Amino acid sequence: MSTALQNLVNQPYQHGFVTDIEADVAPKGLSEDTIRLISAKKNEPEWLLELRLTAYRHWLTMEEPQWPNVKYPKIDFQAITYYSAPKPKKSLASMDEVDPELLRTFEKLGVPMNERAKLAGVAVDVIFDSVSVATTYKAKLAEVGIIFCSISEAVHEHPELVRKYLGSVIPAGDNYYAALNSAVFTDGSFCFIPKGVKCPMDLSTYFRINTESSGQFERTLIVAEEGASVSYLEGCTAPKFDTNQLHAAVVELVALDNADIKYSTVQNWYAGDENGLGGIYNFVTKRGLCKGVNSRISWTQVETGSAITWKYPSCILRGDNSVGEFYSVALTNHYQQADTGTKMIHLGKNTRSTIVSKGISAGHSNNSYRGLVRIAPTAAGARNYSQCDSMLIGEQCSANTFPYIQVNNPSAKVEHEASTSKIGEDQLFYFAQRGVGAEEAVSMIINGFCKDVFQQLPMEFAVEATKLLGLKLEGSVG
Amino acid sequence: MIYQDSKTLLAVRGLHATVNGIEILKGMDLTVKSGEVHAIMGPNGSGKSTFAKVLAGHPAYEVTGGEVRFEGGNLLELKPEARARAGVFLGFQYPIEIPGVANSQFLRLAYNTVQAGRGKDELDPLEFDDFVREKMKLLEMNPDFLDRSVNEGFSGGEKKRNEILQMALLEPKLAILDETDSGLDIDALRIVAGGVNQLAHKDNAVVLVTHYQRLLDYIVPDYVHVMESGRIVKTGGKELALELEARGYDWVGAEVKANARLAT
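For the protein sequence lines, the chains are F and C, in the order given.
Each step along the first sequence adds one to the number in the working numbering, with nothing skipped, and position 339 is 339.
Each step along the second sequence adds one to the number in the working numbering, with nothing skipped, and position 176 is 176.
Since the hints were derived computationally from the structure, they do not count as laboratory data.
Source: prediction; values computed, not measured.
It is possible that some hints are incorrect.
[Said to hold, decoys possible] Heads up, simulated DMTMM-like pairs for lysine to aspartate or glutamate below, C-alpha to C-alpha not over 25 Å straight-line:
1) LYS451/F <-> ASP147/C
2) LYS413/F <-> ASP273/F
3) LYS422/F <-> GLU97/C
4) LYS262/F <-> GLU153/F
5) LYS262/F <-> GLU415/F
6) LYS422/F <-> ASP129/C
7) LYS79/C <-> ASP33/F
8) LYS451/F <-> GLU171/C
9) LYS74/F <-> ASP33/F
10) LYS451/F <-> ASP129/C
11) LYS79/C <-> GLU395/F
Can you make the complete structure from the sequences, with help from the hints?
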């Protein structure tokens with residue numbers, strides 16, 4: 001690899017600071033007592049504690065999945081802290097009551113917790129370690145009947161809705177990490193868009209892990225009733241530690257008849273250093289259910305962080321004519337590993353799905369796309385189009401594609417395209433000969449490569465994603 | 001065209017260069033003054049393309065001896081992008097494909113970077129669009145070129161026209177055109193050569209690296225150099241190209257050897 005390329009891929013992590021804040025931390029380790037403690041701290045109703053304990057007992061019988069194309073030492077689940085909350089933990093009447101240290105933290109991260117902030121027009125739920133610390137624009141959203149709050153709050157304020165939908169898309173025993181999450185989830189966002197309402201602003205959740213050795217197990221639930229629509233954004237960062245932190249989230253989306261949910265993620269968890277020390281294990285289950293006819297769920301993800309990423313945002317297309325979409329950019333550098341993709345399960349008639357996956361590998365990283373397209377016997381006229389492109393930067397990285405296609409209805413139409421390309425010395429020299437340095441050249445090539453995905457992101461997120469990919473790959477060219 | 005009072009643009013003295021440890025250039029000398037058109041000819045493997053790439057600063061080649069002065073300054077200490085901004089242009093023998101990047105975007109970035117490097121005004125996308133369309137007429141290019149990915153799926157002739165379009169935009173002082181005639185049919189050759197002729201004037205210079213005399217029917221050189229084994233072994237006027245066309249390259253080598261024997 002040329003020195004120009006080497007320098008390009010050595011940009012330091014921008015969000016690696018630790019906030020010095022007093023936290024209420026549960027003892028390390030996992031047992032029924034830990035779960036009872038979490039439930040008690042959150043003052044939860046009995047049914048939720050039962051749900052947690054059932055999930056925990058089921059989890060104990062399960063094996064950690066071995067099939068992903070990633071390697072890591074066995075996780076010691078007893079060495080993890082399952083609850084960590086900044087003190088004082090009390091419900092906040094207004095933004096003015098938020099700990100100024102926290103406000104400064106999120107200001108530094110560029111997250112608008114102040115409703116007068118320049119990114120006005122995006123409502124934010126901010127999760128710090130295990131708890132939601134603030135939600136903006138709640139009152140304004142409530143005027144049109146939208147519920148946007150932390151899941152802990154929703155459990156108390158809207159128990160019937162939470163009980164109806166929680167676990168309806170991803171059951172407690174769905175997979176190893178989903179079961180773990182169901183047992184120990186601490187907070188997350190809840191969002192309910194009632195019948196016929198188009199959400200007037202983008203909603204967003206910002207996740208921050210602060211405490212070393214604490215895991216983050218958030219739970220997000222979004223429900224769009226008949227004819228409702230919402231665009232949801234998620235961002236995440238964590239400080240630099242030499243140890244690995246586990247992040248096992250669950251996100252469930254439910255779209256009823258004619259509803260539309262767009263879920264966008266820019267994931268920038270700490271990825272470990274250039275030798276692969278530290279970083280987040282990002283083992284996440286995300287799934288959307290297109291329950292009603294003509295409903296639509298669209299996942300867009302830009303995955304740039306984490307030591308290991310293991311996630312497959314999926315769509316179950318149950319309603320006739322429903323649409324599932326997955327647009328993904330996954331960038332790995334240094335010793336990062338990613339095994340990511342999607343599942344499109346076609347059950348209803350004339351269901352359609354689109355998959356566009358762009359994997360970029362640099363350094364010694366390993367980047368895999370894994371996707372399933374299943375057309376059930378009931379899914380007459382179903383259609384899928386998949387496109388999986390990989391780009392390699394340098395000589396030491398690898399890219400893999402594992403597409404699984406199961407078609408059980410003869411009227412279905414499934415297309416799959418794949419390509420692999422490489423940013424090489426010759427391309428950079430061509431740019432250089434036209435006066436353009438390596439940094440700008442790589443940025444232009446990568447943006448060209450990711451164009452189809454970036455187009456799907458909400459405007460300000462697209463700008464952030466472009467900048468983030470730049471930061472990850474650019475540096476001073478020596 | 002040779003002008004009496006013109007300045008020396010490029011002075012190459014005793015240039016040696018290697019690739020993968022193998023020496024390709026072995027004492028190259030060349031002087032180019034503004035206004036001049038030089039043709040460098042020679043058999044396969046004589047080092048013509050290496051010379052072009054070394055001048056542009058290709059990272060695969062290592063300069064092991066000699067010097068190159070461009071407008072009096074040391075060219076070899078400049079990075080490739082700085083050489084481009086200083087006015088050295090290489091028309092590639094095999095232009096590189098850049099999938100996903102629109103030609104218009106690429107051309108504007110190149111133009112603005114070079115303009116900024118020269119302390120001149122940059123153009124916004126709309127201004128640039130007008131500007132580039134004007135330049136494209138020179139090369140009889142279809143405007144849909146602008147929307148396609150850089151060189152991707154271009155025919156040989158389209159790629160070469162795209163190179164000369166970039167030359168037209170960047171207005172180099174020294175344009176080194178590496179086998180610009182290869183892969184061109186006769187119509188494309190006429191268009192490309194016509195473009196180069198219109199771009200040549202008394203303050204810039206063109207170095208044509210070519211295998212065949214054919215191109216020189218359209219772009220008439222002031223000097224023709226013959227390279228062999230990594231250096232220039234014979235220099236003449238445009239008639240030398242015709243002689244090479246008629247007699248091949250072998251006689252030049254024989255003549256060089258005979259002269260060497262006489263000298264000892």
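Against the structure, the hints:
Simply put, LYS451/F and ASP147/C have alpha-carbon atoms about 14 Å apart, close enough for the 25 Å limit, and the pair holds. The straight-line distance between the Cα atoms of LYS413/F and ASP273/F is roughly 44 Å, outside the 25 Å bound, and the hint therefore fails. For a cut-off of 25 Å, the pair hint linking LYS422/F to GLU97/C stands: about 11 Å separates their Cα positions. Taking the CA atoms of LYS262/F and GLU153/F, the gap is near 23 Å; set against the 25 Å cutoff, the hint holds.
As the CA atoms of LYS262/F and GLU415/F are separated by approximately 23 Å, the hinted pair is consistent with the 25 Å bound. Distance check on the hinted pair: LYS422/F and ASP129/C sit about 30 Å apart at the alpha-carbon level, beyond 25 Å; violated. Taken as a hint, the LYS79/C and ASP33/F pair is broken in the structure, with Cα atoms around 64 Å apart against an allowance of 25 Å. For the suggested pair LYS451/F and GLU171/C, the alpha carbons sit about 31 Å apart, so the restraint of at most 25 Å is broken.
Between LYS74/F and ASP33/F the CA atoms are separated by roughly 23 Å; this keeps the pair inside 25 Å, and the hint holds. Pair hint LYS451/F plus ASP129/C holds up; C-alpha atoms about 21 Å apart against a cutoff of 25 Å. For the proposed pair LYS79/C and GLU395/F, the alpha carbon gap of about 23 Å is at most 25 Å, so the pair holds.
Going down the numbered hints, you'll see the structure goes against 2, 6, 7, 8, while the others check out.
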